[in-house]
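> Here's the letter readout for the chains.
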Amino acid sequence: MKHLPVAGKAIILLFTASLLAACSGSSKKEEEAAAAAAAAAAASAQSEQQATASAAAAEQQRLRDAAAAYGNVFYFDYDSYNLKPEAVEALDAHISSMQGNESTVRLEGHTDERGTREYNMALGERRANAVRDYMVVNGVPSYRIESVSYGEERPIAYGSGESNWSQNRRVELK
Amino acid sequence: MKRLILAIAPVVLVLAALGARAELTIEITQGMDNPSAIAVVPFAWQGPGTAPEDIAWVVDSDLARSGQFAPVSRSDMLGRPSTQKDIFYRDWRAIESEYLLIGRVSAQGTQMRIEYELYDVLRQKQVHAGTETGPANEARMLAHRVSDAIYKKLTGIRGAFATRLLYVSVTRVPGGKDYFRLTLADSDGARPIVLLESREPVMAPGWSPDGTQISYVSFESGRPAIYRQNLSTGAREQLTNFKGLNGAPAWSPDGNTMAMVLSKDGSPDIYLMNLATKKLTRVTRHYAIDTEPTWMPDGRSLLFTSDRGGRPQIYRYDLRTATTERVTFEGGYNARARIAQDGRNMVLVHQQNGRFHIALLDLVTNRLQVLTSTELDESPSIAPNGSMVLYATKHAGRGILAAVSVDGGVKFRLPSRDGDVREPAWSPYMSR
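Read top to bottom, the protein sequences are chains S and W. Numbering of the first sequence is given in my numbering, commencing with residue 1 and proceeding in unit increments. Numbering of the second sequence is given in my numbering, commencing with residue 1001 and proceeding in unit increments.
Be a bit skeptical, because a hint or two may be false.
[Claimed, not checked] With a straight-line cut-off of 30 Å between C-alpha atoms, the simulated BS3-like cross-links for lysine-lysine are:
id, chain 1, residue 1, chain 2, residue 2
1, S, Lys174, S, Lys84
2, S, Lys84, W, Lys1411
3, S, Lys84, W, Lys1243
4, W, Lys1264, S, Lys84
5, W, Lys1153, S, Lys174
6, W, Lys1177, W, Lys1153
7, S, Lys174, W, Lys1264
8, W, Lys1243, W, Lys1278
9, W, Lys1085, W, Lys1153
10, S, Lys174, W, Lys1085
[Said to hold, decoys possible] Not everything, but these chain S residues come out facing chain W in the computed CB check (under 8 Å):
id, residue
11, Lys28
12, Glu32
13, Arg114
14, Thr116
15, Arg117
16, Met121
17, Ala122
18, Glu125
19, Val148
20, Ser149
21, Tyr150
22, Glu153
23, Tyr158
24, Ser160
25, Trp165
None of these hints come from the bench; they were simulated from the model. We put the beta carbon where it would ideally sit given N, CA and C, even for glycine.
Whole structure, please, built from the sequences with the hints as guidance.
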């Protein structure tokens, strides 16, 4: 959002300069001076705008990188949809990276293979919704979030046993 | 982070058979203590060339799979009679066969005719004779009807061999997207036909009560939606596309209503959809998980799974009184009930010592009997005659289908030659 006021400022400057030029109109020198001043002002505003925009872009990139460093998968305990502390930390980074832009996310909830498929569909939805609710409470509007449960249908690890199951109880942010 | 674009997954609607190879094979793992010995003699082929199908072998396999019969090996047979006058009872007494089934198969144009006779070896008398006629390309189904008649004659219970199965199979693509297939096959796993293939999950197959339509959930649009499909025309209709869960469709016994799970109003609840008007009626209204609806045979109440008491248990909702009562109390995880046509035998997933088994709950005596001993058993589906329960389990790291009789005495597996198989749905009796 930061680049918008800068652009606005530049337009106002340009408008003022041309107004000055049009009104004073008596001397050619004055006109030329006014035009030069307007051009200089516009150029300076533009470079200022570019600098601010690139700084904003850099900041966005930094936040995206910071979020990416946490990864986009959040793990859960068996039959639980409570966010773990490490998930909260990672989510905070993702929430920061979503501020200042209009990006959308898709949250895909997953479970391990234990329990019935339909119950796991419901559990996967609870997990995705737990992540969604945390994001909404922390300022991400709900229309930017879609949550979908895949239950136990899309495992990361195909085998049985806790080492596989723990990888499958997750929400993926995409 | 990508935009909310719902990519249309590649979905293929296939109505062609996969060829003659049966995808599922049968391994009988446990039979009854005293099965009846029966000799199913190869039926005489009276048409041109060689017989298109070994009818007697289909019948032999059906009876063996029931666990209640021990078919005599063909190599032990001392003769191959196909008419009454050729029978020498001493040949069958000698190999201790209690019953003898003989028959003849003939063809007229595209039609096939099977004539068969069943004999009691000790009493030396015919106990049943019958014929089956139909299209020659349905030879296996005609054979299953012979099995049904023999089973009925000898056990008093209607056979369920001339029925079909739906199941979901998955081909794993590690690190990528798996292939999901919805398959229709005969009750013995033969003649598989892929009805739907998708890179997105396919779930919860079920049958209309007359066996002409099926329902299922497909994620092909990027989110779950409920579909129904006509088996003879292939025409399909998307029934739901709500935000959140769209799952567990279950046809009412009169075929007019579909029970389903939707979470569009917050948490997963049971809804009824009038299939003619598409009008929805909300059945449950609870912040807990309510899922896996199934109809009692009289259509007056629904069974469903809910964790409203803290852990998943089975509840019953009475549609007339709009009251809910808890049905299961034994154990901390009872889910996904299916009920036999008698309205009495309920099968469900029951957790015991951390393992998931198939159990039978007698709704009259309230006695719960665990039927299986493997540890990740799920999705029980009961045969239309109530005799066997088909379910999904894991064997050697693979998802397979297995079956157990309702008394727990007979067990067999239907391993797949490739891929994981799950979510079996046994058809109702098929009309001819």
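> State for each hint whether it applies.
Hint by hint, here is what the structure shows:
{"no.": "1", "hint": "S:Lys174 - S:Lys84", "in the structure": "19 Å, holds"}
{"no.": "2", "hint": "S:Lys84 - W:Lys1411", "in the structure": "43 Å, violated"}
{"no.": "3", "hint": "S:Lys84 - W:Lys1243", "in the structure": "26 Å, holds"}
{"no.": "4", "hint": "W:Lys1264 - S:Lys84", "in the structure": "26 Å, holds"}
{"no.": "5", "hint": "W:Lys1153 - S:Lys174", "in the structure": "60 Å, violated"}
{"no.": "6", "hint": "W:Lys1177 - W:Lys1153", "in the structure": "49 Å, violated"}
{"no.": "7", "hint": "S:Lys174 - W:Lys1264", "in the structure": "22 Å, holds"}
{"no.": "8", "hint": "W:Lys1243 - W:Lys1278", "in the structure": "17 Å, holds"}
{"no.": "9", "hint": "W:Lys1085 - W:Lys1153", "in the structure": "22 Å, holds"}
{"no.": "10", "hint": "S:Lys174 - W:Lys1085", "in the structure": "75 Å, violated"}
{"no.": "11", "hint": "Lys28", "in the structure": "54 Å, violated"}
{"no.": "12", "hint": "Glu32", "in the structure": "49 Å, violated"}
{"no.": "13", "hint": "Arg114", "in the structure": "7 Å, holds"}
{"no.": "14", "hint": "Thr116", "in the structure": "4 Å, holds"}
{"no.": "15", "hint": "Arg117", "in the structure": "6 Å, holds"}
{"no.": "16", "hint": "Met121", "in the structure": "5 Å, holds"}
{"no.": "17", "hint": "Ala122", "in the structure": "4 Å, holds"}
{"no.": "18", "hint": "Glu125", "in the structure": "6 Å, holds"}
{"no.": "19", "hint": "Val148", "in the structure": "5 Å, holds"}
{"no.": "20", "hint": "Ser149", "in the structure": "6 Å, holds"}
{"no.": "21", "hint": "Tyr150", "in the structure": "6 Å, holds"}
{"no.": "22", "hint": "Glu153", "in the structure": "4 Å, holds"}
{"no.": "23", "hint": "Tyr158", "in the structure": "6 Å, holds"}
{"no.": "24", "hint": "Ser160", "in the structure": "7 Å, holds"}
{"no.": "25", "hint": "Trp165", "in the structure": "11 Å, violated"}
Of the hints listed earlier, those the structure fails to meet are numbers 2, 5, 6, 10, 11, 12 and 25, in rising order.
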